[in-house]
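Q: So the protein lines, in turn, are chains F and Z.
Numbered per our numbering, the first sequence spans residues 34 to 349.
Numbered per our numbering, the second sequence spans residues 38 to 311.
The hints are simulated quantities; they were obtained by calculation from the structure and are not laboratory data.
As the structure is a prediction and not an experimental result, all values here were calculated from the model.
Some clues are possibly wrong.
Unchecked claim - 25 Å max Cα-Cα, derived DSS-like pairs, lysine-lysine:
hint: 1; chain 1: F; residue 1: 144; chain 2: F; residue 2: 249
hint: 2; chain 1: F; residue 1: 144; chain 2: Z; residue 2: 299
hint: 3; chain 1: F; residue 1: 340; chain 2: F; residue 2: 246
hint: 4; chain 1: F; residue 1: 172; chain 2: Z; residue 2: 86
hint: 5; chain 1: F; residue 1: 144; chain 2: Z; residue 2: 45
hint: 6; chain 1: F; residue 1: 98; chain 2: F; residue 2: 153
hint: 7; chain 1: F; residue 1: 234; chain 2: Z; residue 2: 45
hint: 8; chain 1: F; residue 1: 234; chain 2: F; residue 2: 252
hint: 9; chain 1: F; residue 1: 252; chain 2: Z; residue 2: 45
hint: 10; chain 1: Z; residue 1: 45; chain 2: F; residue 2: 249
hint: 11; chain 1: F; residue 1: 249; chain 2: F; residue 2: 188
hint: 12; chain 1: F; residue 1: 246; chain 2: F; residue 2: 345
hint: 13; chain 1: F; residue 1: 246; chain 2: Z; residue 2: 155
hint: 14; chain 1: F; residue 1: 147; chain 2: Z; residue 2: 86
hint: 15; chain 1: F; residue 1: 153; chain 2: Z; residue 2: 45
hint: 16; chain 1: Z; residue 1: 86; chain 2: F; residue 2: 153
hint: 17; chain 1: F; residue 1: 344; chain 2: F; residue 2: 249
hint: 18; chain 1: F; residue 1: 145; chain 2: Z; residue 2: 166
hint: 19; chain 1: F; residue 1: 188; chain 2: F; residue 2: 172
hint: 20; chain 1: F; residue 1: 196; chain 2: F; residue 2: 252
hint: 21; chain 1: Z; residue 1: 45; chain 2: F; residue 2: 147
hint: 22; chain 1: Z; residue 1: 299; chain 2: F; residue 2: 234
hint: 23; chain 1: F; residue 1: 345; chain 2: F; residue 2: 252
hint: 24; chain 1: F; residue 1: 145; chain 2: Z; residue 2: 45
hint: 25; chain 1: F; residue 1: 345; chain 2: F; residue 2: 234
hint: 26; chain 1: F; residue 1: 246; chain 2: F; residue 2: 172
hint: 27; chain 1: F; residue 1: 145; chain 2: F; residue 2: 252
hint: 28; chain 1: F; residue 1: 252; chain 2: F; residue 2: 188
hint: 29; chain 1: F; residue 1: 145; chain 2: F; residue 2: 246
hint: 30; chain 1: F; residue 1: 252; chain 2: F; residue 2: 172
hint: 31; chain 1: F; residue 1: 249; chain 2: F; residue 2: 172
hint: 32; chain 1: Z; residue 1: 166; chain 2: Z; residue 2: 155
hint: 33; chain 1: F; residue 1: 246; chain 2: F; residue 2: 147
hint: 34; chain 1: F; residue 1: 188; chain 2: Z; residue 2: 86
hint: 35; chain 1: F; residue 1: 98; chain 2: Z; residue 2: 86
hint: 36; chain 1: F; residue 1: 234; chain 2: F; residue 2: 147
hint: 37; chain 1: F; residue 1: 249; chain 2: F; residue 2: 234
Unchecked claim - Calculated Cβ distances over 12 Å to all of chain Z for the following chain F residues:
hint: 38; residue: 122
hint: 39; residue: 291
hint: 40; residue: 293
Here a beta-carbon is modelled for each residue, glycine too, at the ideal position from N, C-alpha and C.
So you can see what is in the structure, the chains are spelled out below.
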Amino acid sequence: MELEINKKLNRKKQKRNWKRWAIHLFPVPAIIVYGLFIVYPLLAALSYSFFDWNGMIRGDFVGFKNFVNLFTLEPFSGFFWNSFGHNIIYFVVQLVFQNAIAFFLAYLIYKKLKFGEFFKIALFLPRLLSVIVVGFLWKLILNPNFGALNVLLGKFGLENLQKAWLGDPDTALITIILVNCWFGIGFMLLIFLAGFQAIPKELLEAATLDGAKEFKMMKTIMLPLMIPSIMITTVLTFIQSFEAFELVYAMQGSQGEPYHSTDTLAVYFYRLAFGGSTGDSTAIGLGSALAVVLFIFISTFTALLLKFMQKKEVEM
Amino acid sequence: MKDTIWTKPFYYVIAFVFASISLYPIILMILSSFKPSREIFMNPLSLPKSFSLETYQTLLDQIPFMTYFYNSAIVSVTSVLLILVTTSLAAFYIARYTFWWNNYLFFFFLMGMMIPIKLGIVPLFVIMKNLDLLNSLWSLIFMYTAQGIPLSILILTGFFRTMQRELEEAARMDGASDLRILWNVVLPLMRPAIGTVAIINFIQSWNDFFFPLIFITDELKKTIPVGMLSLFGEHSADWGALFAGLTLSSLPMIVLFFIASKQFMEGLTAGAVK
Numbered sequence: 034m035e036l037e038i039n040k041k042l043n044r045k046k047q048k049r050n051w052k053r054w055a056i057h058l059f060p061v062p063a064i065i066v067y068g069l070f071i072v073y074p075l076l077a078a079l080s081y082s083f084f085d086w087n088g089m090i091r092g093d094f095v096g097f098k099n100f101v102n103l104f105t106l107e108p109f110s111g112f113f114w115n116s117f118g119h120n121i122i123y124f125v126v127q128l129v130f131q132n133a134i135a136f137f138l139a140y141l142i143y144k145k146l147k148f149g150e151f152f153k154i155a156l157f158l159p160r161l162l163s164v165i166v167v168g169f170l171w172k173l174i175l176n177p178n179f180g181a182l183n184v185l186l187g188k189f190g191l192e193n194l195q196k197a198w199l200g201d202p203d204t205a206l207i208t209i210i211l212v213n214c215w216f217g218i219g220f221m222l223l224i225f226l227a228g229f230q231a232i233p234k235e236l237l238e239a240a241t242l243d244g245a246k247e248f249k250m251m252k253t254i255m256l257p258l259m260i261p262s263i264m265i266t267t268v269l270t271f272i273q274s275f276e277a278f279e280l281v282y283a284m285q286g287s288q289g290e291p292y293h294s295t296d297t298l299a300v301y302f303y304r305l306a307f308g309g310s311t312g313d314s315t316a317i318g319l320g321s322a323l324a325v326v327l328f329i330f331i332s333t334f335t336a337l338l339l340k341f342m343q344k345k346e347v348e349m
Numbered sequence: 038m039k040d041t042i043w044t045k046p047f048y049y050v051i052a053f054v055f056a057s058i059s060l061y062p063i064i065l066m067i068l069s070s071f072k073p074s075r076e077i078f079m080n081p082l083s084l085p086k087s088f089s090l091e092t093y094q095t096l097l098d099q100i101p102f103m104t105y106f107y108n109s110a111i112v113s114v115t116s117v118l119l120i121l122v123t124t125s126l127a128a129f130y131i132a133r134y135t136f137w138w139n140n141y142l143f144f145f146f147l148m149g150m151m152i153p154i155k156l157g158i159v160p161l162f163v164i165m166k167n168l169d170l171l172n173s174l175w176s177l178i179f180m181y182t183a184q185g186i187p188l189s190i191l192i193l194t195g196f197f198r199t200m201q202r203e204l205e206e207a208a209r210m211d212g213a214s215d216l217r218i219l220w221n222v223v224l225p226l227m228r229p230a231i232g233t234v235a236i237i238n239f240i241q242s243w244n245d246f247f248f249p250l251i252f253i254t255d256e257l258k259k260t261i262p263v264g265m266l267s268l269f270g271e272h273s274a275d276w277g278a279l280f281a282g283l284t285l286s287s288l289p290m291i292v293l294f295f296i297a298s299k300q301f302m303e304g305l306t307a308g309a310v311k
C-alpha cells in the first residue's frame with residue numbers, strides 16, 4: 034500500500050519536473066529559425082569578407098584586402114563612391130519630399146479636417162502594392178512615348194516639361210526617389226498622426242487660452258512633443274535609404290541604368306554577390322566586405338541619430 | 038488654434054492634391070487593365086470605351102499567373118502560421134517567466150529589427166543550397182518566418198505583459214499545462230494582437246520580391262512579384278496585359294485592406310510606434 038502511494042507520488046513528481054522542463058522548449062522553435070536564417074548568415078557574411086573567393090568556393094584568408102580593394106581599386110571604388118552618393122541623395126530627398134510632407138499632411142488631418150479618414154486611406158493605399166508593382170506601374174506612367182505623365186503634361190500645355198524621365202541620367206535618380214516617396218508617404222503620415230494624437234489636449238487648450246498663435250504653438254509645444262515620431266521616421270528613412278534596392282532594380286535593372294546614374298549600394302552589392310544582368314562574374318569577397326561596411330555604417334549612424342535626437346528632446 | 042478665412046480652403050486643396058497624386062496611378066492601373074493596348078496608346082487618360090476582359094485573357098495565356106498566385110498564397114499563409122506558432126510560444130515564455138536570461142533572449146530577438154538581413158544574402162544562398170531548398174517554396178517560407186520573428190515577438194510580448202494573470206493562474210491551479218494555458222486561455226484573449234501580427238507578416242511575404250529573385254529560378258515555383266519580372270522582360274509590348282498583371286497581383290491586398298483597413302494601418306505602424 035505504502036509502496037503504491039510512493040510510486041504515485043514519484044510519478045506525479047516526475048510529471049511536474051517534465052512540465053517545468055518543457056516550458057524551456059517554448060522559445061526553441063523561434064530561436065532555431067531566427068538563429069539559422071538571420072543571426073548565422075549575418076555573422077557568416079562578416080567572416081566571408083576576410084577571404085578570397087573563387088566563384089562560390091572559398092580561398093585563402095586575406096585579412097582586410099577585400100575592404101581595401103572596395104575603397105581603392107578601380108572599378109570597384111568608383112562604383113562604391115558613386116552609389117554611396119546616390120544613397121545620401123536618397124536619404125535627403127526622402128526626408129524632404131516624404132517625411133516633411135507627411136508631417137504637414139498628418140498635422141492637417143489631426144486638425145480635424147473633414148474627410149480626414151479618406152485622406153488617410155488614400156495616402157496609405159500605395160503602401161499596399163508590392164514594390165515591384167510600384168516600379169512597373171511608374172515605368173509605364175513615365176514612358177516617354179505613351180506614358181500618362183507626359184500626355185498629362187501635354188494636356189496642360191506643359192510640353193516643355195515632357196521628358197524621358199527614366200532615360201535621362203540627370204532626372205532618373207530623382208524620379209525613382211520621388212516614386213519611392215509616393216510609395217512610402219502614407220506610412221510616415223500614420224506615424225506622425227499617432228504622434229500628434231498622443232499630445233495631451235490640456236497643453237494645447239492652455240496655450241490657446243494664453244492666446245498663442247498657431248505657428249508659435251507648433252514651434253514651442255507640438256514640435257518638441259513630436260520629437261519621438263520624428264526620430265522614428267528619420268531613423269527608418271535612413272535605414273531604408275541605405276537598403277534601397279527593389280525599386281531601382283525593378284525600374285532600372287541591376288546596373289542602375291542609365292550609366293549607373295541610379296545605382297545604389299544595395300544594387301551594387303547584388304551585382305557583386307550574384308553577378309549583374311550583363312553576366313559579370315560574382316565577387317563574393319568584395320560583396321561581403323560591402324555588406325559589412327554597410328552594416329557598420331547603418332548601425333553607427335542609426336545610433337548617432339538616436340543619440341542626437343534624444344539630446345534634443347531633453348533640451349527642449 | 039484660430040484659422041483665417043483662407044487657411045482652411047488652402048489646407049483642403051493641398052490635401053486633395055496629395056490624395057489625387059496617391060490615388061490616380063492606382064486608378065489608372067485598374068482602368069487601363071480593361072483597355073486593349075492600342076486604346077492605351079491613343080487615349081491613356083480616358084475611361085475605357087468598353088469593359089473587356091480580353092487583356093486578362095492575354096495575360097493568363099502568356100504567363101502561368103494562377104501558378105504564381107498559388108505559390109504566393111502557400112508561402113504567405115504558411116509563413117504567417119509558422120510565425121504565429123513560434124512567436125506566441127517564445128513571447129509567452131519571455132513575458133511570463135522570470136529566468137535571468139529572459140531579457141537577454143528578448144534583446145537577442147530584437148537585434149534582428151535593426152540589421153537588414155539582405156546583407157546576409159550570400160551566406161543565406163549557401164545555406165539554402167546546402168539544405169537543398171533552392172527552387173523550393175520552403176526557402177521563402179523559412180525566410181519570411183525568420184524575418185517576421187523579431188517584430189512579432191516585440192508586439193506579442195508587449196501584449197502579454199499588459200494582460201492580467203488571474204485566468205492563467207486559475208487554470209494552473211486546475212492543473213493545466215503551460216501549453217494548454219497558452220492555447221486555451223491566453224490565445225483566445227489576444228485576437229487583436231494576433232491579427233496585427235498576421236497582417237504585417239502577410240503584407241511582407243506577399244509583396245516581397247528580393248528573396249524569390251535570388252532563391253527561385255524555376256518558373257513554376259515563382260511567386261507573383263518575381264513572376265511579374267519575366268512579364269516585363271519578354272512581353273513588354275502588350276500594355277493592356279501588363280496593367281492587368283499589375284492589377285491582378287495587387288487585388289488580394291487591396292480587397293483585404295478594404296475589409297480590415299483599420300487593422301492594416303495599425304498593424305503596419307505597430308512596430309514603429311511601440
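Q: Take the C-alpha atoms of residue 196 of chain F and residue 252 of chain F, compute the straight-line distance between them, and say whether it is at most 25 Å.
A: Not OK: residue 196 of chain F and residue 252 of chain F at ~40 Å, beyond 25 Å, violated.
Q: Given the proposed pairing of residue 249 of chain F with residue 172 of chain F, does the C-alpha separation stay at or below 25 Å?
A: At roughly 43 Å apart (the allowed maximum being 25 Å), residue 172 of chain F and residue 249 of chain F break the hint.
Q: So if I understand the rule, the pair passes when the alpha-carbon distance is 25 Å or less; does residue 246 of chain F with residue 172 of chain F pass?
A: violated, 45 Å
Q: Does the structure keep residue 246 of chain F and residue 147 of chain F at a Cα separation of 25 Å or less?
A: The hint holds at about 22 Å.
Q: Going straight from one Cα to the other, do residue 246 of chain F and residue 345 of chain F come out at no more than 25 Å?
A: The hint holds at about 24 Å.
Q: Under the criterion that the straight-line Cα-Cα distance not exceed 25 Å, is the pair residue 98 of chain F, residue 153 of chain F satisfied?
A: violated, 51 Å
Q: Is it true that the CA of residue 345 of chain F sits at most 25 Å from the CA of residue 234 of chain F?
A: holds, 23 Å
Q: If you draw a straight line from the CA of residue 188 of chain F to the CA of residue 86 of chain Z, is it 25 Å or shorter?
A: holds, 20 Å
Q: Does the alpha-carbon distance linking residue 252 of chain F and residue 172 of chain F stay inside the 25 Å limit?
A: Violated: residue 252 of chain F and residue 172 of chain F sit about 40 Å apart, past 25 Å.
Q: Take a quick look at residue 291 of chain F and tell me if its Cβ sits farther than 12 Å from every Cβ on chain Z, holds or violated.
A: Answer for residue 291 of chain F: holds, closest chain Z Cβ roughly 17 Å.
Q: Please work out if residue 234 of chain F and residue 45 of chain Z have their alpha carbons no farther apart than 25 Å.
A: Measuring from Cα to Cα gives roughly 21 Å; hence the hint holds.
Q: Do the alpha carbons of residue 345 of chain F and residue 252 of chain F lie within 25 Å of each other, as the hint requires?
A: holds, 14 Å
In this structure, the hints that do not hold are numbers 3, 6, 11, 13, 14, 16, 18, 20, 26, 28, 30, 31 and 35, in rising order.
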